[in-house]
Amino acid sequence: MRPVSIIGVGMIPFGKYPEKDTADLAWPAIKQAMEDAGTDRDDIGIAYCGSVYGGMMIGQRTLTRLGMTGKPIINVENACSSSSSAFHQAHMAVASGAYDVALVFGVDKLSQFGGGTIPLVDEDWEISQGMLMPALYAMRACRYMHETGLTTEQLAGVSVKARAMGAHNPDAQFQKEISLEEVMNARPIADPFTLLHCCPTGDGAAAAVICAGDVAHKFEAAPIKILASDLCTGTYLTGYRDMTVPEITVRGASEAYEEAGVGPEDIDVAEIHDAFTIAELLYYEAFGFCGRGEAIRLLEDGVTSIGGAKPVNPSGGLLSKGHPVGATGIAQITEITRQLRGSCGARQVEGARTGLAHATGGGAMGMDHGACSIHILQR
Amino acid sequence: MAMDQRAGHLEPGHVIAGDAGLHLKGGACASCGALAFPKPAICSGCLSEDIADAPLAGGGVLYAYSVIHVGRRPDLPYAVGYVDLADGVRVFTELTRTDGLCPDMKVAIEISPEAEGYRFNAAPVEAV
Ligand SMILES: [Zn+2]
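Protein chains in written order, with the numbering used here: chain F, 1 to 379; chain X, 1 to 128.
Don't take each hint at face value.
Claimed, not checked - Simulated restraints, written as ranges between beta carbons of each label pair:
{"no.": "1", "chain 1": "X", "residue 1": "R73", "chain 2": "F", "residue 2": "W125", "range": "15 to 23 Å"}
{"no.": "2", "chain 1": "F", "residue 1": "G239", "chain 2": "X", "residue 2": "A108", "range": "51 to 59 Å"}
{"no.": "3", "chain 1": "F", "residue 1": "P72", "chain 2": "X", "residue 2": "V61", "range": "50 to 58 Å"}
{"no.": "4", "chain 1": "F", "residue 1": "M365", "chain 2": "X", "residue 2": "A86", "range": "14 to 22 Å"}
{"no.": "5", "chain 1": "X", "residue 1": "A17", "chain 2": "F", "residue 2": "G115", "range": "38 to 46 Å"}
{"no.": "6", "chain 1": "F", "residue 1": "T235", "chain 2": "X", "residue 2": "A20", "range": "29 to 37 Å"}
{"no.": "7", "chain 1": "F", "residue 1": "P18", "chain 2": "X", "residue 2": "D19", "range": "54 to 62 Å"}
{"no.": "8", "chain 1": "F", "residue 1": "G115", "chain 2": "X", "residue 2": "P12", "range": "50 to 58 Å"}
{"no.": "9", "chain 1": "X", "residue 1": "S44", "chain 2": "F", "residue 2": "E255", "range": "45 to 53 Å"}
None of these hints come from the bench; they were simulated from the model. C-beta: ideal position from N, C-alpha, C; glycine also.
Model the full assembly from the supplied sequences, consistent with the hints where possible.
Okay, structure coming up:
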C-alpha cells in the first residue's frame, strides 16, 4: 500500500433544495473539488458515490452532467457512513496502486420526505416495532444520565456550542447562535431531546479528489496526507449491551490511531458524528479525549470550542451544519482538510496539523451502529 | 406507515401460548445454547439451524427508555424502552405508561390477544 493524499475538496451549503434533483445537488460540489485540485476530467481514474436515498445509479446520473463517463463509477450505501465508506474504498483503490487519482462524493436530499424522522427499513424487527433514530439516541442519553448524573440542561449545552460554531460557517444549514433556554424550551421530540437536540433534515453534497502521494505535487502544492482510513461494522449481540460505550467507535478509533501512528493527544481538530447531543459527549470519551464521565467537563470548560485545546466540530457539526446523511462523511473530510490548510476564517483552529473525521450510523438491531468510518489527516 | 401499525403488535409466530400463560417466543440454539429473540432461522454464534422454541422470561429490568412525542400515531406521547429479561435477552418494547419511569426499575412483559396476533408491552411493577 502506498501513501495517498487529498488534493481537492468542495461542498455546497447544506440546506433545503426541494426544487432540485439529487444529481443537481451533487455536480457543483464535484466541480468545486476538481477545480480545487487542479485536475482535469481525464485525470480521474475511478469515481465513488455515497448516498442513502439518491436511488439507483445516483453516481452515474450525477457524473453524466459533467461529461465524466466511461470510467468505473461505484455507488456505496452505508447509512450515515455512506460517503466516508466510499472514501475508504477510493483510498484503497489508490493506495493499492490500481489508480493514481480518484474522485469521491456524497449526496442526499432529505427534503424529498417532507420533514420528520428519516425512513428506516422495517424488515428489522425493532424498527417494525417503532424504533426511530431519535429514540435510539434518547435511550443512550437516558442511560448515560442515569449512570453519570448528567442533566438535561448540561446536555442542551452541546447544541449551544454547535450553533455557536456553525454561526461562522457559510456552508452550515444553521448559521445563528441559540441560547440554552431556546434548546430547553423547543418542542419535545424524544425525551430528553427537544427538537434542538437533534440534527436537522436537509439536503447537501460534498466531494473530494484524492491522489497517490508521489504524484500529488503535480496538482496541488500542499496536499493533505491520509494517515488512516478505517471502516468497521458493529459487533452483533443478542443480549445486553452497554449503550453508554459505543463499541464500534471505540474499536474504530483504536484501529485508526494505530494505523496513523498517533494518539488522541495528537489530534488538533475533530469532526465527529453529533447526530444528537448525547453523541458528541459519548464520542469525546470513545476517542479518548477524556475519561469516562468527564465529557461534560470538556464541553463546559471550553476545551472543545474554538480556542480550546481540543476543538470538536468547528463546522458546527451535524447539529448545525446539517446532516444530509450520504453527504456527511465527505463534508467532514472537507472541513478537516480546510482546517489543516488554515483556510477557515473565523472558525479556524490555529495551527491545526492533525485532524480526525468520524461518521457512524445505521440503526440495526443487535448492533451499536451498522457502520463507522474514521479518517485521520495531516498537513 | 407500516411501522406505526405494527408497533406493539406481535404476529402469532412470536408468541408461545402455554399452560403458564403467554410468553415471547425466543430461539435457543440446540448446539451452543445461545438464546435470541425473535427466534432466528440460524444461530449467529455457531451457524446451527437446529433452533428450539424457547419461552422467554416474563420480566426483567428497564435498561433505558424514552417518551416519544412525534410521529404519525394518534396516541402521542408514548414510551419505549429496552427491557433486559431475566434470561439474558434484551427486548425493545413499548411501555404501559409515560410517567414514573426510571432505568433499572423492575418491569413485567404483558402479552394479550388482539386481532391477528397479540398486543405486547412492558409494565412497571414498582414505584420509582
Ligand atoms: Zn449456536
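Item to complete: Using the beta carbons of G239/F and A108/X, state whether their distance is inside 51 to 59 Å or not.
Response: 19 Å, violated
Discussion item. Within 38 to 46 Å: is that where the Cβ-Cβ distance between A17/X and G115/F falls?
Written reply: Because 42 Å falls inside the window, the suggested range holds.
Discussion item. For the hint 14 to 22 Å, verify it against the beta carbon of M365/F and that of A86/X.
Written reply: The hint (14 to 22 Å, Cβ to Cβ) holds, given that M365/F and A86/X are roughly 20 Å apart.
Worksheet item: Has the hinted range 50 to 58 Å been met by the Cβ atoms of P72/F and V61/X?
Response: 52 Å, holds
Worksheet item: Falls inside 54 to 62 Å, the C-beta gap from P18/F to D19/X?
Response: 58 Å, holds
Worksheet item: Does the Cβ-Cβ separation between G115/F and P12/X fall within 50 to 58 Å?
Response: At roughly 36 Å between Cβ atoms, P12/X and G115/F fall outside 50 to 58 Å, so the hint is violated.
Discussion item. A range of 45 to 53 Å was offered for this pair. Does it hold for the Cβ distance of S44/X and E255/F?
Written reply: 23 Å, violated
Worksheet item: Quick one: are T235/F and A20/X within 29 to 37 Å, going by C-beta?
Response: Given about 34 Å between the Cβ atoms, the range holds.
Worksheet entry | Whether the CB-CB distance between R73/X and W125/F falls inside 15 to 23 Å | 18 Å, holds
Of the numbered hints given earlier, the model fails hints 2, 8 and 9; all others are met.
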